[in-house]
Each structure stands twice: as structure tokens, then as C-alpha cells.
Amino acid sequence: MSAIIEELDPERRDVELPTDAAPAPDTERPRRVIRSRRPGGPNTRKPGDWLVLAVAVVLGFFIAVPFLLILVNSFKSPADYNTSGPLTLPTEFYFDGIVAFWERVNFPEKLWNSVFISGLVAVFAVLISMFNAFALGIGRVKGRLWIVVLILLANMLPQEVLLYPLYFMFKEAGLYDSQWAVIIIFTVIQSAFGTYLLASVYSTFPRELLEAASLDGASRWQILWRVVYPISRPTLSVLLIFFFIWTWNEFLIPLTFLVSNATQTVPVAITVLQGDRLMDVTTTSASALLGLIPTLVFFLIFQRTLTRGITAGAVK
Amino acid sequence: MSALDTRAATTIEATDAAGGGRRSRRRPAGTEDGLIPGARRSTYWLYLVPGLALLAVIVVVPLVWNVYLTFTEYRGIRPPEWIGLENWVELMGDRVFWTSFGNSIAMILAMVIVPTLLGLLLAAMLFDLIGRKFGGKLASFLRATYYLPQILPAVIAAIVIGWILRPQNGALNQVLEAIGLGELQHNWLGSPDTALPSLMVIMVWVQLGYPIVIFMAALQRVDPELYEAAELDGANWFQRFRAITLGMIRPEIFVVTLTCTIAALKVFGPVYALTGGGPGTSTIVPAYYAYSEFFQSQQVGYGATIATALTVVIAAVSVLFILAQHRMEKKEAER
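Taken in sequence, the protein lines are chains A and B.
Letter by letter, the first sequence follows residues 1 to 316 in the UniProt record's numbering.
Letter by letter, the second sequence follows residues 1 to 335 in the UniProt record's numbering.
Quick caveat, the hints were computed from the structure, so don't treat them as lab data.
We put the beta carbon where it would ideally sit given N, CA and C, even for glycine.
Pulled a few chain A residues facing chain B out of the computed Cβ check, cut under 10 Å:
#	residue
1	ARG45
2	GLY48
3	PRO66
4	ALA135
5	ILE138
6	TYR164
7	LEU166
8	PHE205
9	ALA213
10	LEU224
11	ASN249
12	LEU255
Here are the computed distance ranges between Cβ atoms for each label pair:
#	chain 1	residue 1	chain 2	residue 2	range
13	B	LYS330	A	ARG45	41 to 51 Å
14	B	ALA333	A	GLY217	41 to 51 Å
15	A	PRO230	B	SER140	28 to 38 Å
16	A	LEU296	B	LEU246	29 to 39 Å
17	A	PHE62	B	PHE238	22 to 32 Å
18	A	LEU296	B	GLY76	35 to 45 Å
19	B	LEU117	A	LEU296	22 to 32 Å
Throw the hints in and build the complete structure from the sequences for me.
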């Protein structure tokens, strides 16, 4: 958000670099001393440090416990659960809960729906973001500031405020209960964020490259695809992944627009079945397990990209 | 709504990434030209056409339409009938509406205040104590553990905890019974006295990893020698925390509190999945109230009014935050 302000007020840009550190103690003098006997390091672990570590580990355990409970109990039969409770390992592996839920929601279909919607949204939204940012960041069209503000609005609004008109419009257009409605809506919402991010990245694009390409007679369209696109590909791929996961996790709009079973996404299908007659205690656990596995898998696959994204700004 | 997931996290990267570029940005004389020489700027508009056209259809038109609906009585069948400010007057006197905003305050406590404070403490602990004395690997591992609930869709996270809180045979009640505290067994999400607190605990669990990850990333900007020097000068942990940590990561604190506050005001999925606003109206939030007016009561005009009021509140909060941050940074710059 702070970037918005900077966008609005370019004069302030230089002021807020993080060099204005804290009330910095005089680091010049003791530096040599520090090097020779660093106060950190394993040799100086005090009892208090172990206590802090213990607190941190216990907290981590409490945060992880729900996941472990879900994992353990998804493979129990309800009878097993009732006799031995939630904390023990299953006496024998019981797959009926998972299988029953898998078949009841037709899980592969829901997975495919989610992949289809999230994948298309990610690609379309990156494309639109790139076009917008090309005009705003590199083309610097007039009034770009207001366009950026307008675009950001799309990302900040509570979706409820768009819900009924969109519902009505898509119904009229015959796209209600169609995945295309969800794809179109999220393309706009995600590309709003992408435009905001990319426009500021592109506004610092190396001018020499663009000038050289232009001297070589490249048209603007060619410059976009042969110079700007390849150079910004790392940023674009981070956006692609984030758009995919955000769209995957969305709930309100898919819930409203995808009413029939065959079109629903994974989170919607799992949520609407909670409290269903079929859902005994371990089947409910299995449903939660099936809901969390895909995102866990993405996290493991894209972990590097995600952490790189999160810490990208911090290395400087 | 899972707006709190990584979306907000990326805002920070965006801010940072942009910041990195900005530093190296040269502002040549002809700033008002595009970066490609010789091309007229106006023709760039072609590239904005698809994006802006979609934005107009999907955001601008529905937004205006929604505001129009707030002045109508509309049940989704016969055309909307203009009733002026009646919805707004009704809204101001609507106890359920005020309850829903009261619950939003509870959500802000659970999704902003507690996670930010705890997150600050934990991030500083992981970074400057555990990371330094027990190794970065352990610190990263703990950070990843804290972050785990954040990667799930918010509804799924809610279902995970909801399962533990099941009334008859939920894990929590079973455990209570097993350790002889059977009389503490409770229908956690189903009784008016514990439904909201339970929901709040769930949201703290969901939310905590986000500030930790952001703050730890921010802390990497800090020169470790700063801590070491302060430690040599006899500053205790808390003094170092206050003087160095808080000072350094203030921009991130602002971003985290703003994005989390917006997310807390918008929260919908967990309420839908766990309580449906109940029992009674004890866990109703504005987003859920609007949804139920739209699709359960078919009071579209009134639902639109709730949604619009929520938007106004979110916009006001954002503006206030950004102004406060602006003022603070200005003061900083003057020092």
C-alpha cells in the first residue's frame, strides 16, 4: 500500500529508503571487537535462550496439531474413532471415508474444475496485466495515476458489492452456472493487482534496451514481445503462480456462480457438503484432508518461488 | 474470504520490488514521454483497451448499479422500485447490522491486533535469538510451520478446526473427556456464548503466519551488527526490540495492519462454512449478512445497502491508514 502513496507523490521517493535505520548505536568503534567475539553463536546459549526456543517449538506444535489430527483421523473408521479417540493412530488403515467422499463429490472432476479455472485466470490475467503495464509503465500514458487508482479499486472492493449485479448480468448473458463467468471475473480482479505491480516494475525498465530496439526498427508490438516480455519473465511467472493459487482459494464468487455440482471448485464442493448426512466424523476429516492436499502440494512445488517472492525485497 | 492469504503478502513484495527499482530509476529530462523514443504516447491507449473494457464491465458498472439498488426495493423478480433513502434509514436502526459490525471488531481483534502483536514478538524471537543462536535452518523451519494455515483456502482451514470442535465427538471434547475434564465439554460453535470466541481462535490460527513471514523478511534488512553492537553496549533484548526492530520494520507493520484490517472486515468464508452467522446472530458479519439478504431473504436492495456500507467503511479505513502512514513518514523525514 505504501507504494500507492509513493506513486501519488514521486517527490517523496528518495526519503523513505530504509537507510533511516533505527537510532543507530555507534557501530564504527566496536566493530573490530564484535568480529573477534560475537555475542551470538552457539557458545553463548543461556538458559533463557533455551526457554524461548521451547516456547517457539511448543507454539509451532500447537499450530501443526490440527493438521496432524486430520491426517491421523482420516484413515480411521468411525467405530475406531469412537472407541480409541482422536489422538491414537488408526488400528488399521480405513479408506472408506476418503473413498466415500471422493466418490460423493467426484473429486477428480472438482480438481479439474479448479485447475481449469485457476489456470486460465492466471494466464489471462498475466496477459492483461502485461498490456496494461506496458501502456502505463513504459508508455506513460496521460492520466496513468488515476488509471492505476481505478484499477486498484477493483482489488480492494469487497466482492459483495459486485455480487448481485454480476449475478444478474451473467444470468442475462446465459453464463450463470458457467465457469466462464468465474474466469472472466477473476481475470479482472487478479489483473488489477498485476497491473499495479507490473506498472511500477516497467516504469524502471532499462531505457537503453528500449532505445536500441527502437533504433533497430522494431515496432512497439515487437518490443513488447521480444524485449519487455523476456526480460520481465521472472516477475511474470511469480504473478502467474500467485494468480493461480489466489483463484484456487477464492470462495464467495465461485459459491454464488457455480451452483450445479459439475461446475464446482474444490473449496466450494467440500464446503457445501459439510453437515451432509454422509458426513460422519472420519469422513468429514477426510474431506478436510482432500481439501488441503492440493494447496499443500502447490506450496511444496512452488515453495522456492513463493519464498523468493516474499523475501525478494528484503535482500537489498 | 481468503483475501488474507498470500495476496496481501505480495503487496509487500510489490512494494519492495518497486522500491528496489525506484532507487535506480533515472528521471531523464523528458519524463513525460514514454520510455520508447519516437512513439507518440497516445497510441499506447490501444494496449489499455482490453483491460479497461473488462474493468468497466466487471467492476465499474456493477459498482454503480449496486449503489443504485440501495435506493430501491427489489426482490429479484419485478423491476426495482425506487424508495429513496428507506433502506439506509432502516439500516441505521437495524440491530442485526450493528451486531455484524460489532463482530467485525471482534474479527479485527482476532485477525489484526493479536496476530500483529504476537507476530512481532515471534518474528523478532526467531530472527534475532533463535536464528542467531540455534541456526537459521531451525528458524526457517519454525517459520514454515507457523505459516502452514495460511496456504490453505480460508474455508478449508475453517473446516479443519471446525472438525476438531464438532459438538458430540469432536477431538477437543474427546480429549477433554479423556483427561477428566468432561464437564468442560461444550458445543463450541453451536452455543451463543462460545461461538464467536471459537471463531476468533480459528482466525488467529489462520492469520498468525502472515505477519511472521512478512516481518522476518523485513528484518533481513537490518544489519546484524546493529544488534551485536547494541548488545555489547548493554541493551537488553526488549530495548533492542524497541529501538532497532520496531524502528526498522515500521513500513511492514503498516502494510500488515492495513491489509489484515481489510481482510477482517471482508471475512466471509469461515463464517459461511462454520456457523452461518449463528446461533442466532452471534457470529454474523457484514459480508455474510449481505450475502444472506441477497440470496436467502431475496431482499436485494437491502443486501446492496449492507454491501455498500461495508465498502464505505473499508474505503474510509484505507484512507485513514494511508494518511497516518504518510504523516508518520513525513515526520520521520523531517527529523
